[in-house]
Amino acid sequence: MKVSDLVKELELTVFCSEENLDAIVKGGYTSDLLSDVMGHMEEGMLWITMQTHQNIVAVSTLKDAAAVLIVNGASPDEETLQKGIEEGVPLLGTPLSAFVVSGKIYQLLQNG
Numbered sequence: 000m001k002v003s004d005l006v007k008e009l010e011l012t013v014f015c016s017e018e019n020l021d022a023i024v025k026g027g028y029t030s031d032l033l034s035d036v037m038g039h040m041e042e043g044m045l046w047i048t049m050q051t052h053q054n055i056v057a058v059s060t061l062k063d064a065a066a067v068l069i070v071n072g073a074s075p076d077e078e079t080l081q082k083g084i085e086e087g088v089p090l091l092g093t094p095l096s097a098f099v100v101s102g103k104i105y106q107l108l109q110n111g
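Start counting the sequence shown at 0; every next residue gets the next number (numbering that gives the first Met the number 0).
Derived by calculation from the structure, the hints in this document are not laboratory data.
There may be inaccurate statements among the hints.
What the hints assert, rightly or not - Below, a list of computed lysine-lysine pairs in the DSSO-like style, where the Cα atoms sit at most 27 Å apart:
(1) K25 <-> K7
(2) K62 <-> K1
(3) K103 <-> K7
(4) K25 <-> K1
(5) K25 <-> K62
(6) K103 <-> K25
(7) K103 <-> K1
(8) K103 <-> K62
(9) K62 <-> K7
Please model the complete structure; the sequences and the hints are all you need to start from.
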């Protein structure tokens with residue numbers, strides 16, 4: 000399933016890098032601790048977090064994430080948006096909690 004499919008199915012907000020939504024989502028990783036993400040998230044995963052600072056772009060680039068999904072209705076700040084545009088990292092948003100959206104994404108990925 001592509002990032003663009005998840006955006007459509009879950010009515011996600013695309014904050015930046017809409018041109019890079021064709022990446023295949025190989026799984027998901029839900030965490031707000033950067034060191035945890037760096038140590039455990041695999042390439043091609045969708046990172047689900049409540050973090051909004053520009054370090055999320057750096058970590059997602061380092062781990063080659065498919066995209067970053069910011070939960071709880073939060074929005075990235077201007078510096079984070081600019082970094083996301085520069086690095087081509089899709090930053091997405093949802094009003095849902097990390098728990099709820101993780102479950103929905105799991106179901107969508109399992110059903111193909």
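How the hints compare with the structure:
no.	hint	verdict
1	K25 <-> K7	holds (17 Å)
2	K62 <-> K1	holds (18 Å)
3	K103 <-> K7	holds (13 Å)
4	K25 <-> K1	holds (9 Å)
5	K25 <-> K62	holds (13 Å)
6	K103 <-> K25	holds (15 Å)
7	K103 <-> K1	holds (15 Å)
8	K103 <-> K62	holds (23 Å)
9	K62 <-> K7	holds (24 Å)
Comparing the model with each numbered hint stated earlier shows that all of them hold.
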